[in-house]
Amino acid sequence: MADDERAFQARIDAGIKIEAKDWMPEAYRKTLIRQISQHAHSEIVGQLPEGNWVTRAPTLKRKSILLAKIQDEAGHGLYLYSAAETLGVSRDELLEALHSGKAKYSSIFNYPTLSWADMGAIGWLVDGSAIINQIPLCRCSYGPYSRAMIRVCKEESFHARQGYDIMLALARGTPEQKAMAQDALNRWWWPSLMMFGPSDADSVNSAQSSKWRIKLFSNDELRQRMVDQTVPQAEYLGLTIPDPKLKFNAETGHYEFGEIDWAEFHSVLKGNGPCNRERLRTRVTAWEEGEWFRDALQAYADKHAK
Amino acid sequence: MADDERAFQARIDAGIKIEAKDWMPEAYRKTLIRQISQHAHSEIVGQLPEGNWVTRAPTLKRKSILLAKIQDEAGHGLYLYSAAETLGVSRDELLEALHSGKAKYSSIFNYPTLSWADMGAIGWLVDGSAIINQIPLCRCSYGPYSRAMIRVCKEESFHARQGYDIMLALARGTPEQKAMAQDALNRWWWPSLMMFGPSDADSVNSAQSSKWRIKLFSNDELRQRMVDQTVPQAEYLGLTIPDPKLKFNAETGHYEFGEIDWAEFHSVLKGNGPCNRERLRTRVTAWEEGEWFRDALQAYADKHAK
Amino acid sequence: MDKHNTFEYLLRLGDNALILSQRLSQLCGKGPAMEEDMALTNVALDLLGQTRLWYSYAGELEGAGRDEDALAFRRDAHEFRNCLLLEQPNGNYADTMVRQFYFDTWHYFLIEGLTRSSDARIAAIAEKSLKEVSYHLRRSGDLIVRLGDGTEFSHARTQTAVEALWMYSGEMFAYDGLDQAMVAAGIAPDGAELRSHWLAHVGSIFKEATLTMPPADAWMQSGGKQGRHSEHLGYVLAEMQFLQRAYPGATW
Amino acid sequence: MDKHNTFEYLLRLGDNALILSQRLSQLCGKGPAMEEDMALTNVALDLLGQTRLWYSYAGELEGAGRDEDALAFRRDAHEFRNCLLLEQPNGNYADTMVRQFYFDTWHYFLIEGLTRSSDARIAAIAEKSLKEVSYHLRRSGDLIVRLGDGTEFSHARTQTAVEALWMYSGEMFAYDGLDQAMVAAGIAPDGAELRSHWLAHVGSIFKEATLTMPPADAWMQSGGKQGRHSEHLGYVLAEMQFLQRAYPGATW
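Residue numbers (my numbering), protein chains in the order written: chain A, 1 to 306; chain B, 1 to 306; chain C, 1 to 252; chain D, 1 to 252.
Read the hints as simulated data drawn from the structure, not as lab findings.
Since the structure is predicted, the reported quantities are computational estimates derived from the model, not experimental observations.
Treat the hints with care, since some could be wrong.
[As the list claims (entries may be wrong)] In silico DSBU-like links for lysine-lysine, alpha-carbon gap of 30 Å or less:
id: 1; chain 1: D; residue 1: Lys-128; chain 2: A; residue 2: Lys-306
id: 2; chain 1: B; residue 1: Lys-61; chain 2: C; residue 2: Lys-3
id: 3; chain 1: B; residue 1: Lys-178; chain 2: D; residue 2: Lys-3
id: 4; chain 1: A; residue 1: Lys-61; chain 2: D; residue 2: Lys-207
id: 5; chain 1: A; residue 1: Lys-61; chain 2: A; residue 2: Lys-154
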């Protein structure tokens with residue numbers, strides 16, 4: 001290991017944040033760019049499944065809360081791209097990678113939102129999982145990223161609570177509403193567990209990321225945390241988690257759960273999810289149709305800078 | 001008057017049909033092309049206000065009847081264009097004139113269809129007026145036109161009855177449905193009266209057209225026929241014609257009615273109707289977006305003709 | 001045969017026809033040529049007529065007092081049983097026609113098989129529909145050939161549509177328990193057989209059209225038949241069902 | 001002042017805000033730039049908030065037990081009182097922004113006038129909204145300048161939108177009996193005055209944007225305020241109201 005690298009690792013071990021101007025190993029930079037931009041892309045693409053229900057929200061209050069949430073997501077996207085930009089890559093380059101299919105976004109957004117209950121399930125399960133994933137990152141080694149995550153997590157916890165509140169209203173509603181809630185839970189449960197990524201045994205690059213403190217807990221640990229947190233909530237709602245193997249283990253104090261269908265996970269990741277093509281096409285179309293607009297703003301700025 | 005022209009007029013006076021291959025005065029040809037193509041355009045554009053409710057028809061049966069009606073209209077358009085083509089003009093030229101705004105279509109289609117009751121009112125009032133206008137044309141002097149009109153009128157009378165049937169169901173329905181029917185009558189009544197064109201006093205070219213037997217009754221005569229026919233129907237429906245001056249004149253045996261707002265008529269004709277721009281744009285867009293398709297069919301035909 | 005299963009199967013038949021008819025109706029007066037306007041309305045009308053026959057029988061079998069309109073206008077998206085293919089947006093006219101061609105081919109072989117159904121009523125409806133679906137199949141196959149072998153542009157556009165919609169074609173043959181039960185009862189024709197007919201016909205038309213057929217073993221979407229749809233269906237229904245929902249209890 | 005008139009006037013205010021908010025919501029996550037996505041949602045949210053204030057007051061005045069959701073979700077198109085401008089489709093982004101700019105300019109001067117309303121509750125809501133509508137006005141005016149004076153393409157596209165939507169701008173100032181009654185009661189600001197402010201502001205922005213202003217005396221469409229809408233509104237409502245219609249009596 002070179003001196004630079006040793007010093008760098010020592011700072012991390014000492015809990016000192018790395019800042020944009022500091023020296024860092026190329027692999028650290030690259031890993032972070034990939035991780036942060038993937039997160040940013042997820043915020044941006046993540047607007048779409050929820051945007052699908054804004055115009056059909058059942059009350060003005062729910063519509064308002066949902067709109068505010070989507071606005072937050074665009075905001076998260078913006079400051080995550082800014083955090084990535086501190087690592088020497090431009091937002092346009094990152095978007096280009098998204099649009100060409102090179103960069104990934106969270107696979108969860110490749111599932112369709114089929115009923116209003118999905119707005120509840122996404123808040124409750126998907127944002128819930130996201131928070132569990134992200135809270136440790138508030139303490140990650142890269143300063144701009146850790147600060148962005150602090151801001152993101154604060155808002156995400158609102159979103160999760162609002163999602164749970166939607167589920168609560170449905171669970172206490174008419175039989176049809178309760179069925180809607182149960183159906184949403186059925187469809188979103190397993191994909192939410194998959195959000196934590198492959199089992200530790202199959203996870204690549206984890207060791208290095210841990211050492212660099214940009215991954216602070218293993219996928220399986222975080223997934224367990226999500227299950228432990230969510231099962232009692234589902235019980236309170238009177239809904240059934242779609243996993244016949246689920247049971248509480250009094251000895252460990254944790255819930256045991258059934259095997260995840262990793263074939264589905266990899267299939268969706270490969271592009272076979274119900275909405276992969278559509279999500280990307282929507283974003284690419286928005287981008288392409290917006291080109292004349294962005295060009296106009298640039299042209300105006302150029303003229304008036306002279 | 002030249003010999004040709006005298007012979008031509010003599011044939012018309014004798015009730016002999018003019019056929020495509022026969023000699024005819026240029027003005028006769030031009031007037032007919034204008035009249036027939038305007039009628040054809042009206043059938044085509046007329047699909048749009050009704051097409052607006054096909055996807056929202058309240059029962060499968062009503063949807064089916066409405067679809068069949070729209071199909072008939074496309075059919076009428078087709079054979080009217082064919083009748084015009086016998087006069088030495090191509091369908092594409094006629095469409096070009098429509099799309100460029102040079103040719104007119106019936107102004108009635110520049111009003112929006114705002115509720116399901118409009119499907120009733122259009123059948124009852126608009127098709128009703130169209131039939132009154134067209135029945136005499138079944139006996140007009142130009143053979144291909146008169147034969148087309150016979151076919152058209154047969155189907156139109158179905159449409160008018162189906163429209164009346166929609167009104168009847170609404171008039172016998174809930175208070176909301178009855179209000180819907182009354183509102184539709186309020187909006188379509190005067191425009192339907194305007195369909196017969198300006199008052200005879202202000203009507204141009206009428207004398208010549210009468211002599212050529214391509215106009216067999218005056219606008220005002222036909223309009224009176226429509227009012228006389230429709231008022232008792234409205235009474236049967238329990239709906240009120242939106243004309244405080246309307247009253248039966250026992251001496252003449254006709255209904256007297258209020259003054260038509262000719263300023264509105266001319267304004268809509270000039271392009272200021274609620275939907276003028278939209279109707280034309282819809283047609284032009286369909287035409288332009290269909291160009292590659294028509295080109296493909298042509299290319300295929302060319303290849304396989306070789 | 002269990003009535004409930006037959007009821008569910010009839011919903012699949014009716015929902016397919018209704019949703020495609022509804023999609024085609026959105027194009028009313030907006031087709032690329034007048035002859036196409038006529039043909040589109042014609043096909044939409046045929047499918048609507050078939051829908052009404054399937055629904056009426058379904059309602060009778062169910063015996064819960066639901067008529068064709070109750071089934072069409074008062075079920076939410078998760079209760080619809082149409083294949084995902086049919087709810088896909090009209091897109092450009094190549095998309096519209098490829099969707100139609102994939103469906104028509106399957107529909108023809110299905111209806112043809114259903115004429116031999118052990119359920120006499122189903123056989124009779126199929127018999128009545130056979131002429132219509134034969135015409136649909138001829139028409140859409142013919143158009144695919146002309147678009148594929150037309151201009152360079154039409155070829156490219158059609159090929160794109162062929163690929164984009166391919167992943168929705170498999171669901172029609174992916175027989176679940178219900179479909180299997182129908183086959184076992186002699187009510188419905190075998191899925192594997194339909195598939196081989198479908199592949200052969202689509203392949204021969206594509207060949208004539210100079211189009212490349214995507215791999216038969218490609219990943220296929222599913223879910224529609226079980227009520228798990230794409231995001232499109234909700235919008236289709238919101239529009240279609242508005243009047244019945246907004247004025248409950250009214251007679252039209 | 002007659003409560004019923006004020007109720008009707010409040011519906012106009014609320015419906016304008018709701019329908020435009022709904023149109024903007026259709027663009028969620030589909031704007032031409034991320035900053036625009038944020039801004040669009042922001043404006044949609046502000047308008048939605050204002051809607052709720054107007055509707056709540058309207059419901060109270062009516063005293064028939066209708067709350068904001070009853071007014072939003074359980075009226076059909078002919079009962080809506082928004083100006084035609086606001087229900088026009090989003091079109092391209094120049095259309096979206098010109099529609100916004102026409103509305104924002106009117107809305108700003110209206111809300112500013114309403115802060116002096118003789119109806120204390122209306123004045124308070126206007127006061128609360130003034131900051132929001134000032135921001136909207138600044139933002140859309142600024143964008144119009146940049147689009148008009150941007151590229152040749154953006155100039156042409158914006159000019160086209162300016163002309164296409166112009167005929168819907170007059171309705172905002174075309175005061176009918178109800179509006180006049182509101183002016184007479186000191187509840188609403190004068191229409192002619194609003195119009196002259198509007199023309200001056202739009203004119204100055206267009207000048208800066210190198211856009212040509214259409215003639216002030218051009219033919220203007222109307223009807224929305226009286227419940228005679230364009231064909232677009234029915235579709236907007238069918239989508240917006242689906243859940244409330246499909247699940248009557250449910251609490252969300």
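For each hint, the structure was consulted:
no. : hint                     : in the structure
1   : D:Lys-128 with A:Lys-306 : 40 Å, violated
2   : B:Lys-61 with C:Lys-3    : 26 Å, holds
3   : B:Lys-178 with D:Lys-3   : 28 Å, holds
4   : A:Lys-61 with D:Lys-207  : 40 Å, violated
5   : A:Lys-61 with A:Lys-154  : 21 Å, holds
Of the numbered hints given earlier, the model fails hints 1 and 4; all others are met.
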